[in-house]
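Using the sequences provided together with the hints, build the complete structure.
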Amino acid sequence: QWPNIIMPGFERIATNLLATSSGREIGLAPFVTPSQLPSFEQHAYDFYQNSRKPQPFPNGTAVSWFGNGVFGYNDSVIINTPSSRYRETSGSTQYDSRYPILAPILHHNEGPHQSLMLNLHFEKTRGELIDSIIDCSGESQRVGKILECGGITDFLSLTSQQQETGPSAVLMEPIFPAYGNVATGLVAASIVWDEIFEDVFNDEVRGIDCVLETDTGGFTYTIWDGKVLFDGKGDLHKQKYEDFVRSISLTGGGVFSNASASYTLYMYPTQDFFDVYHTDNPMVATIGAVCTILLTSAAFLVYDLFVRRDIESKKALLSAKRAFVRFVSHEVRTPLNSVVMGLTLLQEDIANHLGFKNTNELCQELEQNNASNNLEGSTPKKESLQFFSLSKEIHENA
Numbered sequence: 001q002w003p004n005i006i007m008p009g010f011e012r013i014a015t016n017l018l019a020t021s022s023g024r025e026i027g028l029a030p031f032v033t034p035s036q037l038p039s040f041e042q043h044a045y046d047f048y049q050n051s052r053k054p055q056p057f058p059n060g061t062a063v064s065w066f067g068n069g070v071f072g073y074n075d076s077v078i079i080n081t082p083s084s085r086y087r088e089t090s091g092s093t094q095y096d097s098r099y100p101i102l103a104p105i106l107h108h109n110e111g112p113h114q115s116l117m118l119n120l121h122f123e124k125t126r127g128e129l130i131d132s133i134i135d136c137s138g139e140s141q142r143v144g145k146i147l148e149c150g151g152i153t154d155f156l157s158l159t160s161q162q163q164e165t166g167p168s169a170v171l172m173e174p175i176f177p178a179y180g181n182v183a184t185g186l187v188a189a190s191i192v193w194d195e196i197f198e199d200v201f202n203d204e205v206r207g208i209d210c211v212l213e214t215d216t217g218g219f220t221y222t223i224w225d226g227k228v229l230f231d232g233k234g235d236l237h238k239q240k241y242e243d244f245v246r247s248i249s250l251t252g253g254g255v256f257s258n259a260s261a262s263y264t265l266y267m268y269p270t271q272d273f274f275d276v277y278h279t280d281n282p283m284v285a286t287i288g289a290v291c292t293i294l295l296t297s298a299a300f301l302v303y304d305l306f307v308r309r310d311i312e313s314k315k316a317l318l319s320a321k322r323a324f325v326r327f328v329s330h331e332v333r334t335p336l337n338s339v340v341m342g343l344t345l346l347q348e349d350i351a352n353h354l355g356f357k358n359t360n361e362l363c364q365e366l367e368q369n370n371a372s373n374n375l376e377g378s379t380p381k382k383e384s385l386q387f388f389s390l391s392k393e394i395h396e397n398a
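Here the working numbering is used: the first residue of the sequence shown is 1, the next is one more, and so on.
Please keep in mind that the hints were generated in silico from the structure rather than gathered at the bench.
Be aware that a few hints might be false.
What the hints assert, rightly or not - Below, simulated BS3-like cross-link-like pairs (lysine-lysine); rule was C-alpha separation at most 25 Å, straight line:
#1 K233 - K124
#2 K240 - K227
#3 K357 - K382
#4 K357 - K392
#5 K381 - K392
#6 K227 - K238
#7 K382 - K392
#8 K321 - K357
Structure, rendered in structure tokens:
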């Protein structure tokens, strides 16, 4: 009977689940009231020491300096030493919770882990998220359906962090019974933000300041060759290029309840980042393009100049040729016209002397009688006709 339960195979299931993520650990914690605590502790330790299969946990598992029992820590910042533990029996908390319950870790993915029987409800950061899960569970019962009640805590430290690597957080999802809307426990998964960011950036990325913030504060990391280096608490980014900031909400999109912590990641480039990705290629390409345009324009101008010169020279040659033709035509035609005119007068005199009215009648007579073929001899008429034929031939060819 709940909360005295055992989940066989939890370690195997949780380990396989962690292999698909960057989570650190997973645990199962039922909600236990103070009146249920004695039987729960007896049930849990009987499982650890006797009934667990295939074999019990080693001796000393989940045992504190005070012996067996659920425990909390004296400091809200967990320091995992035997003397810092105290026995939890009443469900009281360090932050005055309105729910007097305990949430001890019953199962852990690593089996006999040091956090077994740790009450997650004892301190404020984890406890307030558990309170919000219980509140959401009550709302689920009121509306008659299971709501999204899971969430993520604000920054905290984990018992499993052996060295300071930056802040962590715990994700919690409620456990509901098969036929009910009231949460009876939760599954908690812890993350270390350094490990979450480890596989986010390419190995060639360097010089980015990452600031992870919630409403209560933030922490700064530097990305160098894809590695995440923890700088410290607060916003420590270099402000030279803060106008290039990019931000992303890591907990938005309705994945968690409204009571969950809200994480926002701000990424600021630094001078190292610009040095890696700076290139003169655009400038070189621009200068090359301008030079190409100028050279092409110059080539066209030179070509146009030579074409214009060629056209002008051809025009000048044509003009000279025309002038020469006009001059020769004038100088030759003038005396030739005088010769033609003299031949015409001579032909008319010969025609009149032979008794014809004009040269046309004489030409017709010659053509009809083929007189030109009977011009042999030396009579005056024949000589006149021979001279007429000669002058006419010269006249026609002039």
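So, going through the hints one by one against the coordinates:
no.	hint	in the structure
1	K233 - K124	holds, 20 Å
2	K240 - K227	holds, 22 Å
3	K357 - K382	holds, 19 Å
4	K357 - K392	holds, 17 Å
5	K381 - K392	holds, 16 Å
6	K227 - K238	holds, 18 Å
7	K382 - K392	holds, 15 Å
8	K321 - K357	violated, 46 Å
Checked against the numbered hints above, the structure breaks only hint 8 and satisfies the rest.
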